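Just so you know, the protein sequences line up as chains A and B, in that order.
For the first sequence, position 47 (counting from the first letter as 1) is numbered 47 according to my numbering, and the numbering increases by one without interruption.
For the second sequence, position 156 (counting from the first letter as 1) is numbered 156 according to my numbering, and the numbering increases by one without interruption.
I should point out that these hints are in silico values taken from the structure, not numbers from a laboratory.
Keep in mind that this is a model prediction, so the values were computed, not measured.
The beta-carbon is built from N, C-alpha and C at its ideal position, and this holds for glycine as well.
A hint or two may mislead.
Selected chain A positions facing chain B (Cβ under 10 Å, derived; list incomplete) [what the hints assert, rightly or not]:
no.: 1; residue: Leu73
no.: 2; residue: Ala123
no.: 3; residue: Pro204
no.: 4; residue: Thr205
no.: 5; residue: Pro208
no.: 6; residue: Pro227
no.: 7; residue: Lys228
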Amino acid sequence: MTATQQAEKRTDATGAPRHLLAIDDLGPEGIGEVMRLTDSFVEVSRRPIPKVPALRGKTVASLFFEDSTRTRLSFETAARRLSADVMTFSAGSSSLSKGESLRDTVLTVEAMGVDAMVVRHSAAGVPRQVAGWVRGASVVNAGDGWHEHPTQALLDCYTIGRRKGGLEGLRIAIVGDVRHSRVARSCVTAFAGLGAHVTLVSPPTLLPASLAGWPVEVSHDFDSVLPKLDVVYLLRLQKERMTEALLPSLREYTATYGLTRRRAELLAPGAIVMHPGPVNRGVEVAAEVVDMDVSAVTEQVANGVAVRMAVLYLLLGSGVDLASA
Amino acid sequence: MVLKGGRVVDATGSRPADVLVQDGEIVSVTAKVSAVPPGTVVLDAGGCVVAPGLVDLHAHLRQPGNEEAETVETGSRAAALGGYTAVVAMPNTDPPIDTAAAVREVLDLGEEACCDVRPAGAITVGRRGEKLAPLAEMAGMGVRIFTDDGSGVQDARIMRRAMEYATALGVTLAEHCEDASLAGGGHMHEGEWSSRLGIAGQPAEAEELMVMRDLALARLTGCRLHFLHLSTAGSLAMVSGAKASGLDVTVEVTPHHFTLTDACVASYDPLFKVNPPLRTEADVAAVRSALSDGAVDAIATDHAPHTQESKEMPFQEAPPGMLGLETALGLALTELALPLERVLALMSWQPARIAGLASDHGGPVEPGRPANLCVIDPDARWVVDPAASASRSRNNPYGGRRLTGRVRHTLLRGEPVVVDGEAQR
């Protein structure tokens, strides 16, 4: 069987997905399922001992080929709260630097007895390749290049759902560097899949070359879009974009596409401001706006653990009764 | 030796004939060989086409320098199995073929090979695009095609000088058209799929800009120019127009650019990473129509072996390239709605002329000619099995594909190097 064919086999016998590589693996119903499970795990997280035995005896390995302390900690905490054993692999300490192929590395880790691999890589598609190579393990995409970061989109859906009661009919703008953003690709699919109207607000140099098939509108005029929004979702701007002739200067970017204090006053009542972190205060968003009540940034981080518990449980825990756990 | 019971097809036409071969030459081509000398080997060509051997303008044999991926021996064996009696070996080896000594090394390696191996020379020293390589010295050793393939000559002034210089030598310059600054390190075609998949793309215009520039330079200098692996509708339209206006340029396209699209990359399998990248359905349609309307002169493989481990890497880290020598004919016969005579023109006598090999390869099947021949069973059905390849590498994107039309025998100067689909050397 080729890697492609294996990757296509994405569900187990019960119909639950085996891997979470992209938001499309779940579809709107799957996202709904994750949201319901997340509610249960938020409750678990509030207990004096925030731990359930749902994944006892299972081993979750985090394979982070690209540094991300926050996402790794969030996944590992989620796995531990489900009583799974956790293995950590980071590229710096691995044999990747010794000339081993990526496939060799993955199969070596799996051979240690791993039930799920949480994979982060700077190259798009690596989780999909890994899913094609592993024999039995589930693969969770923790962010791959510019491609997808599905658990980020799920925690964002959950955060919006808690604040606004659902996504159906909401007006959401994703603002900034969409071209290089895995978060944007996952969020567009997830938000639109749940019925939101999505507008990308971005200079043409920071949009993907083609938006064919994307369920979005595009605007280059933040001020005119802003008053109609329920959610403003700001993307992180990498400083190296300045050296690639994509933008003249940070100052000009902030003036045109930043959520400045002046622009924050244009927000409709009840609108919320989100950001996947880490925030460049003063670039994509003014420092004081991050700390205003409209900001949901801290909730996003807090919901991350419960959402990742839900994802791991969905992929690995089928058959375990959560109520009795 | 007699090739018995086949239909001879060459540039002059088609007729049923037995072909008698002795001492490396074709001795007779007659409806039925009457007096077969005793002890003559008879190869069955029943139901088959007996044609001049195929000529590949574009193969990476990887020797010297990357013998893990391919050698002249293994690459030429794959070529013979694919019906080729001559291949042009690309100079992006390590060290590159940019001196007479390097040319000599590859020619020597080719002595024992299963097909004729003709090295192309680099245009610039080290293929770095800065300083002209000793073109006359290499031409003196028989090199007829010069290219920096793997990358284009970026500096227009250097390319102009190379073209001017080449006119005195009667050689052809072959360009890999890719404007590096616009391509910007893109790993696939820029468009709908690259945007969705989050992979850095290179736009069609990165190829087309250099096609445009080189057409202008060919007009300026009068140099014979060959375009390697053109892949976009825009490139083909420009070259087609230039040819119509009388410019002496030729064009090759590859089987993967008329069979695969950028949608294949959705698997993120580096088997589908190649340069120029797989393009859109519209580009594939343009390549196919350019093949049928004569705008394209040759089908070339761009056979580019890579080790398994180098392809088991993230898409953006894996090297570009795919195998082609053993599947090119089958793909052309199966996928193109062209008569077999047209396919052979594109794969044998036309490329033989471009490569300056017409005296030995691709010529009419007639007495006195060197017996460089292939015998093709046009009805043979087979399934591509990458594991069964004669190449040292396995980066074949067509695994499992059903093809119709396969090489049965190949003769190199009268020696049967492939018999019944099995290599003899």
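Going down the list of hints, with the structure as the test:
1. Leu73: 24 Å, violated
2. Ala123: 3 Å, holds
3. Pro204: 13 Å, violated
4. Thr205: 13 Å, violated
5. Pro208: Since chain B brings a Cβ to about 3 Å from proline 208 of chain A, closer than 10 Å, the hint holds.
6. Pro227: Proline 227 of chain A check fails; min Cβ-Cβ to chain B is 29 Å, beyond 10 Å.
7. Lys228: Hint violated; lysine 228 of chain A Cβ to chain B Cβ min 26 Å, cut 10 Å.
Hints 1, 3, 4, 6 and 7, counting from the list given before, are not met by this structure.
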